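K.L.:
The opening residue of the sequence shown carries number 84 in the working numbering; numbering runs sequentially from there.
Worth flagging that the hints you see were computed from the coordinates, not collected in a lab.
Just so you know, these numbers come straight off a predicted model, no measurement behind them.
One or more of the hints may lead you astray.
Here are the simulated lysine to aspartate or glutamate pairs, DMTMM-like style, with alpha carbons at most 20 angstroms apart [unchecked claim]: (1) Lys129 - Glu140; (2) Lys143 - Asp133; (3) Lys129 - Glu202; (4) Lys143 - Asp122; (5) Lys143 - Asp96; (6) Lys179 - Glu202; (7) Lys179 - Asp160; (8) Lys129 - Asp160; (9) Lys129 - Asp96; (10) Lys129 - Glu90; (11) Lys143 - Glu90; (12) Lys141 - Glu99; (13) Lys179 - Asp133; (14) Lys179 - Asp122.
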Amino acid sequence: MPFIPAELARIADAIENSRVIFNRQPDPSNDLALVCSQDTWQRATKILVDHALSVWEKTKLAIRPPVISAGPGGSVDLYWTAAPYGLLLNVPANPKQPATYYGDDAANPECNRTSGRLESTRPVDPGVLMWLAHTAEQ
84 MPFIPAELAR IADAIENSRV IFNRQPDPSN DLALVCSQDT WQRATKILVD
134 HALSVWEKTK LAIRPPVISA GPGGSVDLYW TAAPYGLLLN VPANPKQPAT
184 YYGDDAANPE CNRTSGRLES TRPVDPGVLM WLAHTAEQ
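Let the sequences and hints guide you as you build the complete structure.
P.N.:
Dropping the structure here:
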């Protein structure tokens with residue numbers, strides 16, 4: 084993991100605390116007990132760190148840490164909420180598939196939403212950056 088400034092310590096803590104989601108044993112009695120690989124988790128946390136650092140370097144604002152959880156099909160979900168804004172970023176298990184995101188404003192969901200794919204040629208997505216700025220801790 085790259086150097087993370089002290090102001091982003093909550094991001095580093097969220098990443099460290101999320102390590103429990105990879106390589107755990109599936110629980111056949113619990114359909115909601117999702118699993119992911121360490122490789123997928125590492126790709127997801129790299130996306131998180133890249134975007135958190137970019138917002139910090141450009142604005143000196145610290146984004147809120149997301150909920151980091153295993154998603155469907157071995158993917159990893161990063162979910163931010165800062166009322167009324169929400170952003171879900173999904174990193175698929177297949178490294179050849181792009182991560183996808185969807186964000187909305189619960190106060191105005193028809194007019195104020197975003198969605199897209201993170202292209203591998205661009206490690207930091209401007210649309211995601213703008214949405215994360217809404218979640219920054221003031």
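K.L.:
Hinted pair, alpha-carbon criterion (20 angstroms max): Lys129, Asp160. Please report holds or violated.
P.N.:
Distance of about 13 angstroms is within 20 angstroms: holds.
K.L.:
Take a quick look at whether Lys143 and Asp96 sit within 20 angstroms of each other, Cα to Cα.
P.N.:
holds (19 angstroms)
K.L.:
So if I understand the rule, the pair passes when the alpha-carbon distance is 20 angstroms or less; does Lys143 with Asp133 pass?
P.N.:
holds (14 angstroms)
K.L.:
Holds or violated: Lys179 with Asp133, Cα cutoff 20 angstroms?
P.N.:
holds (19 angstroms)
K.L.:
Given the hint that Lys141 pairs with Glu99, does the C-alpha gap stay at or below 20 angstroms?
P.N.:
violated (25 angstroms)
K.L.:
Would the hint linking Lys179 and Asp160 be met if the CA-CA limit is 20 angstroms?
P.N.:
holds (17 angstroms)
K.L.:
Going straight from one Cα to the other, do Lys129 and Glu90 come out at no more than 20 angstroms?
P.N.:
holds (18 angstroms)
K.L.:
Regarding the pair Lys143 and Asp122, is the alpha-carbon distance no greater than 20 angstroms?
P.N.:
It is violated: about 30 angstroms lies between the C-alpha atoms, which goes past 20 angstroms.
K.L.:
Given the hint that Lys179 pairs with Glu202, test it: the Cα-Cα distance must not exceed 20 angstroms.
P.N.:
holds (10 angstroms)
K.L.:
Can you confirm whether the C-alpha distance between Lys179 and Asp122 stays at or below 20 angstroms?
P.N.:
holds (12 angstroms)
K.L.:
Is the Cα-Cα distance between Lys129 and Asp96 20 angstroms or less?
P.N.:
holds (14 angstroms)
K.L.:
Please verify whether Lys143 and Glu90 have alpha carbons no more than 20 angstroms apart.
P.N.:
Status holds; Cα separation ~9 angstroms.
In terms of the numbered hints stated before, the structure departs from hints 4 and 12, listed from lowest to highest.
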